[in-house]
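Trainee: Letter by letter, the chains look like this.
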Amino acid sequence: MFEISPAEWTAILLSLRVAVIATLVATPFGIALAWLLARRDFWGKSVLDAVVHLPLVLPPVVTGYLLLLSFGRRGLVGGFLADYLGIVFAFRWTGAALACGVMAFPLLVRPMRLSIEAIDRRLEQAAETLGAAPWKVFFTVTLPLALPGVLAGMVLGFAKAIGEFGATITFVSNIPGETQTISSAIYSLIQTPDGDAAAGRLVIVSIALAIGALIAAEWFARRATQRLHGN
Amino acid sequence: MLRVDVEKQLGDFSLSASFSSEGRVIGLFGASGAGKSSLVNMIAGLLRPDRGTIAIDGETVDDTAAGIHVPTYRRRIGYVFQDARLFPHLSVAQNLDYGRRMNGLAPDPAQHKRIIDLLDIGALQDRRPGKLSGGERQRVALGRALLSKPRLLLLDEPLGALDEGRKLEILPYLVRLRDEANVPMVYVSHDVAELRQLATQIVMLKQGRVTSLGGVKVLT
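Chains A and B, in that order, are what the protein sequence lines are. Each residue of the first sequence is one higher than the one before, starting from 1 at the first, in UniProt numbering. Each residue of the second sequence is one higher than the one before, starting from 1 at the first, in UniProt numbering.
FYI, nobody ran anything at the bench for these hints, they're computed from the structure. Cβ coordinates follow ideal geometry from the N, Cα and C atoms, glycine included. One or more hints might be untrue.
What the hints assert, rightly or not - Partial list, computed: chain B residues near chain A (C-beta under 8 Å):
#, residue
1, 72
2, 79
3, 82
4, 102
5, 106
To be verified - Rough simulated footprint, nothing fancy, chain B against chain A, three-plus residues with beta-carbon under 8 Å:
#, region
6, 32 to 42
7, 95 to 108
Can you make the complete structure from the sequences, with help from the hints?
Mentor: Here it is as structure tokens:
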């Protein structure tokens with residue numbers, strides 16, 4: 001009964017690819033931003049913080065539409081990237097990854113920021129007195145101590161990315177094999193007569209992925225506490 | 001060895017201290033709130049003076065008039081904090097090796113062994129800081145600072161967080177360090193007995209001012 005058809009596999013694999021790429025690309029930006037928000041005071045910080053959280057509160061269809069306007073073939077950024085770098089987002093799986101990355105970004109940044117804020121800054125001072133330049137302090141003390149939070153953020157971001165629907169379908173549509181992720185496949189299937197069984201299978205797959213991600217995030221969080229206490 | 005002439009306003013508290021010393025162990029004495037830690041943090045470069053100069057070993061590391069402020073990581077100092085501040089994600093051995101790696105120094109097994117023997121921390125090497133007692137942690141912190149080959153060692157109430165028994169356990173190590181390690185030290189404390197045992201020269205601070213300067217006799 002639980003036999004996944006090739007078409008369903010295509011959607012599952014595409015979802016995985018989109019979510020993995022979105023998470024991996026978003027992570028360095030997420031770490032940099034988390035560090036900025038946790039450790040620096042600068043003009044416009046609260047505005048930046050709000051902008052990062054915007055995808056969380058905006059209707060996804062609005063985010064998707066804004067992405068279409070800016071990253072579409074005739075968008076300001078999209079046109080430039082297509083003409084000069086040959087990178088096209090519109091109606092491609094890369095666009096799905098972009099939409100998922102943007103939507104997942106606030107969830108990805110939050111645990112990273114919290115874990116950096118939790119680090120005792122006096123440890124960083126101690127590293128400096130031992131001769132570590134600021135960037136070395138970051139890579140040898142800050143980042144390793146924040147690592148569980150970084151991983152937790154990646155897991156949460158991944159879980160969000162793999163389930164993203166509204167912004168993705170608005171920005172890159174619902175093309176089987178190119179932009180049809182698990183979510184948009186389920187959406188299509190439940191509008192098709194006799195699609196219920198296939199939709200049910202994909203629903204189970206996405207529930208399993210989500211629960212797995214939550215368990216992993218919880219595990220990383222527990223590791224973080226251990227690490228900070230030096231056991 | 002150390003020349004300090006600084007002013008710093010910290011909220012309502014104003015610190016204005018001037019002294020110079022060639023002593024092997026400069027005891028910085030004063031009640032809590034006298035400005036000892038702020039002064040040491042300025043020597044370390046963690047705090048920037050509003051006005052004045054600091055020179056370590058003949059090198060000017062702070063000169064506000066000339067716009068000089070050498071960052072902490074280039075001052076080649078060692079700093080032992082009251083709360084040890086060992087890196088919780090590294091083993092004792094990795095903590096000890098941290099300064100050498102950060103300064104890009106070649107391994108020096110002879111010095112390494114000497115300091116580990118001096119502080120009796122050889123048996124702790126594989127442990128994590130979370131599994132050490134307060135006294136052990138402080139000894140490792142001392143070793144970590146020394147192994148970065150500092151030209152000046154700053155100790156800010158290194159025994160402050162320990163109970164009497166532990167203090168007596170660590171003091172002999174500090175005496176040995178003074179006599180054998182050959183690194184000048186600034187030793188901050190509000191404990192007369194500690195300074196009598198360790199210091200070769202005293203700088204007495206009261207409410208942000210140096211009130212007396214001289215041998216350990218000034219402590220009476």
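Trainee: Against each hint, give a clear statement of whether it holds in the structure.
Mentor: Cross-check of the supplied hints:
1. 72: holds (4 Å)
2. 79: holds (4 Å)
3. 82: violated (10 Å)
4. 102: holds (4 Å)
5. 106: This interface hint is violated because 14 Å lies over the 8 Å limit.
6. 32 to 42: The restraint on the region 32 to 42 of chain A is violated, since only 0 of its residues have a Cβ under 8 Å from chain B and three are required.
7. 95 to 108: violated (count 0)
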